[in-house]
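Protein chains: 6
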Amino acid sequence: MQAQSVLHSGYFHPVLRSWQTSATAFDASNLIYPIFVTDSPDAVEPIASLPGQARYGVNKLEGMLRPLVDEGLKCVLIFGVPTKVRKDERGSAADAENTPAIQAIKKICSSFPELLIACDVCLCPYTSHGHCETLRCPNLHSETDDVTSFPQAPAAWPCELCPCLPRDPRACRGHEPSSAPLTQLAMARVCQSHRADRDVREGADMLMVKPGMPYLDLVRDVKAKHPTHPLAVYHVSGEFAMLWHGAQAGAFSLKTAVMEVMTGFRRAAPEVAEGGTGVKRLSEDNTQ
Amino acid sequence: MQAQSVLHSGYFHPVLRSWQTSATAFDASNLIYPIFVTDSPDAVEPIASLPGQARYGVNKLEGMLRPLVDEGLKCVLIFGVPTKVRKDERGSAADAENTPAIQAIKKICSSFPELLIACDVCLCPYTSHGHCETLRCPNLHSETDDVTSFPQAPAAWPCELCPCLPRDPRACRGHEPSSAPLTQLAMARVCQSHRADRDVREGADMLMVKPGMPYLDLVRDVKAKHPTHPLAVYHVSGEFAMLWHGAQAGAFSLKTAVMEVMTGFRRAAPEVAEGGTGVKRLSEDNTQ
Amino acid sequence: MQAQSVLHSGYFHPVLRSWQTSATAFDASNLIYPIFVTDSPDAVEPIASLPGQARYGVNKLEGMLRPLVDEGLKCVLIFGVPTKVRKDERGSAADAENTPAIQAIKKICSSFPELLIACDVCLCPYTSHGHCETLRCPNLHSETDDVTSFPQAPAAWPCELCPCLPRDPRACRGHEPSSAPLTQLAMARVCQSHRADRDVREGADMLMVKPGMPYLDLVRDVKAKHPTHPLAVYHVSGEFAMLWHGAQAGAFSLKTAVMEVMTGFRRAAPEVAEGGTGVKRLSEDNTQ
Amino acid sequence: MQAQSVLHSGYFHPVLRSWQTSATAFDASNLIYPIFVTDSPDAVEPIASLPGQARYGVNKLEGMLRPLVDEGLKCVLIFGVPTKVRKDERGSAADAENTPAIQAIKKICSSFPELLIACDVCLCPYTSHGHCETLRCPNLHSETDDVTSFPQAPAAWPCELCPCLPRDPRACRGHEPSSAPLTQLAMARVCQSHRADRDVREGADMLMVKPGMPYLDLVRDVKAKHPTHPLAVYHVSGEFAMLWHGAQAGAFSLKTAVMEVMTGFRRAAPEVAEGGTGVKRLSEDNTQ
Amino acid sequence: MQAQSVLHSGYFHPVLRSWQTSATAFDASNLIYPIFVTDSPDAVEPIASLPGQARYGVNKLEGMLRPLVDEGLKCVLIFGVPTKVRKDERGSAADAENTPAIQAIKKICSSFPELLIACDVCLCPYTSHGHCETLRCPNLHSETDDVTSFPQAPAAWPCELCPCLPRDPRACRGHEPSSAPLTQLAMARVCQSHRADRDVREGADMLMVKPGMPYLDLVRDVKAKHPTHPLAVYHVSGEFAMLWHGAQAGAFSLKTAVMEVMTGFRRAAPEVAEGGTGVKRLSEDNTQ
Amino acid sequence: MQAQSVLHSGYFHPVLRSWQTSATAFDASNLIYPIFVTDSPDAVEPIASLPGQARYGVNKLEGMLRPLVDEGLKCVLIFGVPTKVRKDERGSAADAENTPAIQAIKKICSSFPELLIACDVCLCPYTSHGHCETLRCPNLHSETDDVTSFPQAPAAWPCELCPCLPRDPRACRGHEPSSAPLTQLAMARVCQSHRADRDVREGADMLMVKPGMPYLDLVRDVKAKHPTHPLAVYHVSGEFAMLWHGAQAGAFSLKTAVMEVMTGFRRAAPEVAEGGTGVKRLSEDNTQ
Ligand SMILES: [Zn+2]
Ligand SMILES: [Zn+2]
Ligand SMILES: [Zn+2]
Ligand SMILES: [Zn+2]
Ligand SMILES: [Zn+2]
Ligand SMILES: [Zn+2]
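From first to last, the protein sequence lines are chains A, B, C, D, E and F. In terms of the working numbering, the first sequence is residues 1 to 288. In terms of the working numbering, the second sequence is residues 1 to 288. In terms of the working numbering, the third sequence is residues 1 to 288. In terms of the working numbering, the fourth sequence is residues 1 to 288. In terms of the working numbering, the fifth sequence is residues 1 to 288. In terms of the working numbering, the sixth sequence is residues 1 to 288.
The reader is advised that the hints may include incorrect statements.
Capping the alpha-carbon separation at 30 Å, the derived lysine-lysine pairs in DSSO-like fashion look like this [unchecked claim]:
1. E:K87 with E:K107
2. D:K225 with B:K223
3. B:K225 with C:K225
4. E:K225 with C:K225
The set of hints was computed from the structure by calculation and includes no laboratory data.
Construct the complete structure from the given sequences, taking the supplied hints into account.
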């Protein structure tokens with residue numbers, strides 16, 4: 001049985017290990033930074049539930065992003081957080097000139113022309129009825145859409161709970177941390193699969209799975225089925241809360257845990273992970 | 001594009017959903033209950049870091065297990081926690097008559113003859129040098145063995161950190177929550193794959209991946225490669241800490257999060273998940 | 001070579017076996033009962049070639065179905081067998097109010113609101129030209145469509161031979177047991193694959209392969225390609241004939257053979273098998 | 001939706017069809033002819049349950065095989081049917097000079113040097129205890145070994161029921177058509193997979209699945225896992241009985257059904273199918 | 001370790017080898033012959049860079065093809081090489097009656113009705129602007145389309161460099177052997193995958209990968225994803241140049257190398273390879 | 001059909017392309033440099049058939065390797081080319097102190113301790129009978145071992161034609177460019193698969209496929225089956241000849257073709273390619 005127990009064949013030497021870990025390596029270019037844009041142009045409003053993160057006004061974006069881009073950030077994802085918008089039936093404000101998200105896109109595009117800019121397209125914050133279901137994504141609102149119980153956003157901004165992205169396994173309807181029925185959780189695989197297929201058919205430039213850590217098997221599935229589309233993993237606020245509070249309680253080191261989770265994201269999905277935590281952490285590592 | 005957007009085809013009706021979720025359903029028969037057996041026969045020693053869990057003396061096992069078995073528990077995993085054992089070079093006490101683990105096996109086998117009994121085979125608690133590397137598992141102790149930073153056990157019992165199971169992606173050496181170098185984390189996939197292959201060659205009756213949640217993609221990989229061996233996922237103490245402290249801080253409901261994690265385990269690995277948290281939770285659900 | 005010969009590792013104990021066989025287990029909820037509805041409301045017409053099966057009038061449906069539903073049946077598939085319908089060029093009678101299939105759907109929906117109701121959509125029985133090819137399924141009628149020589153229906157009801165379901169590997173054209181050219185049989189894999197893909201694109205709620213037993217490899221293929229759609233296997237009348245006549249001749253036990261075939265269906269396709277034989281057999285088992 | 005319904009793209013033209021069906025084509029070179037050799041050198045004893053098949057004495061082999069080889073047969077499988085052998089504890093007669101199987105191998109090797117000769121290695125007919133379990137294949141005899149209820153042999157020759165081939169999903173113990181418990185059927189996939197893996201490790205030149213038709217999904221699985229080993233499918237006597245009696249009762253044409261089944265074997269397993277029925281049928285086709 | 005080293009199990013005997021190599025075998029029916037049709041009806045113009053190949057006028061097609069068809073050729077691919085065509089904005093001449101390609105199709109269809117005729121649909125030779133991008137294939141012309149540096153055509157006919165087939169990993173733009181930037185080569189897998197998917201959706205009867213030899217891994221990928229569509233490999237002129245000049249320099253035998261490459265094409269893609277070299281070579285083999 | 005034709009979704013932007021091409025990128029760390037070591041310590045003997053390559057004496061190794069290591073080379077493969085060695089029956093000189101290969105290993109290990117050193121283990125150059133078949137690799141010498149007709153070495157050094165590495169799809173027997181029978185080429189897939197499996201069982205640290213370009217589909221296969229072992233592709237001398245002579249004849253640019261081939265190697269096999277051509281080319285690129 002001797003030869004059968006050579007566990008380390010293939011990775012006993014640093015060069016062998018480096019060949020086998022290239023797909024797991026990551027740096028700033030493998031991260032997407034989510035930006036919550038408020039309609040107070042000069043605002044920097046800390047998000048209570050995401051320590052170290054804030055909502056920014058359009059005038060603060062360049063200053064906030066410059067050091068991250070200098071360190072290698074290649075992509076941002078913009079969430080509009082309008083507070084003064086005039087809502088109507090069809091959510092007209094979503095692509096109005098003065099909407100924070102639109103202004104942020106123009107500003108970033110001008111300041112950092114090489115950045116890839118992604119944008120949340122949920123209409124809920126812009127509709128008088130608070131839903132986008134009659135508009136862009138009618139299929140997203142059945143009872144089976146809520147598939148996770150991990151909150152995805154700070155309570156201060158209701159619609160972060162309502163991402164409405166086609167590739168999002170959560171629905172738009174619930175705006176507060178909800179307790180998903182077990183049946184819905186059990187459908188996560190089916191739900192995620194059908195949405196990824198639809199996104200590919202519709203010409204999506206990137207696929208996304210969120211939350212990330214409790215669904216790494218689905219991340220693997222989506223990559224296996226769509227290997228020639230970039231795949232991102234969104235590290236939601238509920239996941240951050242787990243790591244943050246566990247570390248605060250002394251159960252483990254926050255930095256170590258974040259690195260393990262980010263490494264796992266890369267291991268499951270070759271290209272890119274998204275979430276403020278990881279980006280900030282890399283940034284702090286470099287500046288310390 | 002209408003027909004292409006029929007996301008809910010295949011699961012709009014409860015019967016269609018039930019057909020698609022059978023592989024994700026779980027009850028007590030899909031859980032393994034880990035038992036930490038001390039050598040004080042009448043002891044019930046709460047484990048500080050695992051609220052609701054305790055180390056038990058052999059005389060307390062039947063009383064503790066009876067209600068769980070009545071609810072459908074089919075399998076336990078025994079960890080010996082010897083404190084009075086005479087250690088020697090080769091860990092002779094590990095299979096001595098009076099060792100807590102051996103006594104527990106006999107007791108449970110007699111009281112619950114239908115239960116499937118698994119047992120930790122780490123020799124570290126029984127060796128004078130505190131390692132089992134020169135004995136059973138010499139290959140486990142290279143620098144690349146520690147692949148996770150999530151602690152797997154309460155500090156009071158050092159060797160829960162040292163499971164030494166061949167299917168364990170952690171090594172025996174470190175006995176306290178350690179900070180795994182990034183290189184080691186990056187090798188987790190290679191490491192896990194080689195060990196599962198070895199276990200199958202050696203005639204293992206069950207494969208196990210631990211920790212669970214940060215490695216669900218590896219759970220999927222192991223099942224894909226070895227579909228005709230039962231696969232278990234071990235929910236380690238560090239994972240429990242994340243959920244517990246996150247829930248204590250109000251980030252989410254503990255019960256909901258546990259159910260989501262357990263559902264995810266079943267979604268990724270068809271047969272069985274292991275961990276006191278899930279078992280206790282199911283039990284409490286039934287008794288309330 | 002000892003360790004290499006441990007064939008039974010992974011299933012030596014009943015609990016290990018139960019973990020590994022959950023995907024093969026089946027009960028009434030994994031069966032679909034096909035119902036042939038005649039337009040004589042009170043008729044119960046035995047089908048000569050399917051011993052134990054009959055065509056029913058709409059008034060007889062509730063009485064016939066009640067005991068099956070009580071035992072756990074969750075789904076039926078309705079085939080209209082009109083004899084008095086006024087045929088025209090476009091098969092208008094197919095969805096007329098007084099068509100047996102439509103009346104049966106309404107009746108069952110009212111009596112058993114929780115049942116999932118599927119319905120054959122072949123237009124052949126309703127068209128003056130006896131084909132549905134110029135209407136719903138023009139692509140089905142090339143020379144390569146007939147891919148099996150196992151008859152699928154009693155001669156008394158011609159269009160059971162003409163299911164016309166998009167997921168049916170047989171064409172509509174032949175209405176009597178035909179002898180398919182070998183070329184057609186050889187195309188079964190290609191044919192089945194293209195149809196399943198089309199059904200998914202069109203929003204099908206369930207995929208179906210028929211006949212079942214001689215095509216279990218295709219069942220496996222379809223499930224592998226479309227894992228998030230329920231998959232059914234239709235046990236056609238020709239398959240039933242094989243089992244029935246073999247058992248009558250004393251070659252094997254009918255019940256045992258049916259159970260082996262049904263177990264094989266579940267082994268190849270996780271969700272559901274269809275056919276009167278299996279349902280009746282389960283029912284008789286319970287009532288005896 | 002027009003373009004999405006082009007079912008026949010890829011096979012509308014005979015040349016396109018021929019390209020896609022080469023893997024399903026078969027002729028005499030894709031068949032193995034099983035030969036039951038009795039120890040009466042000049043005997044030709046018809047097998048009641050296999051119309052058209054007989055047990056042959058060694059002097060009759062060349063005359064029987066010559067026309068089949070002339071038509072392209074490339075491989076035979078020899079089963080010894082000793083009636084006068086002296087049995088002992090270890091089955092010494094199995095490889096004795098005067099054993100029918102050994103004599104047949106020598107005769108065929110001399111008359112048809114280009115033929116590939118396979119041989120059943122079951123010891124049961126040669127042991128005083130009627131089992132081979134203590135000898136060659138100790139692992140085959142647990143309660144889970146009988147996985148099918150389709151009889152595999154004529155009652156006149158008990159050990160065709162006891163093939164004992166390592167790649168055989170049946171055990172040696174039962175010598176008459178038995179009714180396999182459902183649990184055993186449910187383990188067929190696990191059982192078949194472990195045995196095929198073992199055969200490959202032991203240097204097998206060919207893998208075999210039997211029975212064939214009710215296990216085509218397993219045929220597909222074995223080929224997928226071991227694509228570089230020839231794979232055979234054994235069409236057992238129980239399968240023949242289904243086709244024969246179904247055809248006798250007028251349910252379908254025997255020849256057509258045999259061709260459909262053989263085509264299905266080739267579709268699921270690229271190389272070779274085994275069974276007297278197919279060989280005889282091809283032969284008759286050519287001579288008529 | 002003995003049994004583990006049985007490399008030749010499964011292929012030690014000629015019959016075992018023949019079973020395992022059927023998918024690699026090829027003859028004239030597995031080849032497509034490309035025909036370059038000029039608009040001088042009686043022309044036979046040798047192509048300097050493809051020794052042994054020529055452009056033919058429509059009157060010369062039957063004489064040239066007859067011996068190849070007699071040897072078993074089943075399919076041709078027609079490239080129009082118009083020199084006198086009147087070009088306009090939309091390439092109207094492409095399907096005009098007197099266009100060489102159209103005339104060739106009619107001629108071949110009439111002379112060899114059983115042949116499968118494929119045709120290049122690039123519009124570049126017929127447009128006044130020399131591109132087909134604004135017409136049929138607008139998506140083909142981004143900077144990432146040129147993915148190979150192996151020239152695909154003789155310099156005399158610029159548009160062989162511009163195949164424009166949707167399944168072609170090259171773009172239309174460059175008309176002379178170009179040096180593709182490394183980034184473009186690196187995108188070959190993504191590019192090829194998206195195009196094959198599109199072709200299937202659009203109802204393509206055959207998929208094609210070109211060049212062949214440097215992209216055999218992509219050939220394997222396309223076949224794995226679309227197993228029920230015929231797949232062809234185009235052996236481009238640059239590949240021919242490698243073999244021709246290497247053989248001329250004495251590095252290896254041309255015939256041997258061509259056979260190895262063609263065998264490799266069949267090994268990677270089950271159905272068909274295309275290229276004048278292989279067809280001519282087979283033809284010469286038979287006539288010598 | 002508009003949305004279905006979005007070929008460039010997923011790679012229209014440079015950042016999207018960079019995410020998708022990381023697995024295809026390569027630099028010096030992805031190359032292995034083969035070194036032919038002669039037993040004249042100060043020799044630098046140009047290899048006629050490999051322009052730019054030479055055989056080196058042990059004293060010349062450091063000077064030759066230094067600039068390559070400075071540019072990032074991480075691994076070398078040593079081939080001994082003994083001319084003065086005393087041959088005997090068992091090839092004792094292979095691991096003698098004064099054998100060139102052994103001396104080279106020691107020298108390189110001392111001069112470049114961080115390099116990973118691989119070594120050819122063929123015994124042929126050291127045996128009096130000129131074969132290693134009776135010694136290390138008895139299974140390699142059947143008639144099916146020669147699977148390629150591309151010469152792998154300069155005629156001046158016979159045993160480069162006789163690599164004998166277990167992962168080598170060629171046999172040891174033929175020492176000059178041979179013309180492999182077609183049957184042997186057709187077995188390449190089976191042969192390569194069995195050898196890679198054996199290497200993994202024996203604890204190999206790296207797998208290798210050679211030649212590379214005509215077998216990229218097998219490279220893909222080996223990586224798919226053994227994803228957690230580093231995989232190398234050997235670019236043999238015959239492949240170099242194709243590129244060199246094609247470029248010399250003006251068919252394409254040598255540099256461009258080498259880069260396309262190396263990119264293809266990385267695309268098919270994630271870790272490493274081997275061959276002097278690529279290494280030298282990278283080096284020249286950097287120094288020019
Ligand atoms: Zn929304
Ligand atoms: Zn230990
Ligand atoms: Zn019809
Ligand atoms: Zn036996
Ligand atoms: Zn063009
Ligand atoms: Zn050698």
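Open item on the list: Taking the earlier hints as the rules, which of them does this structure contradict?
Closed with: none
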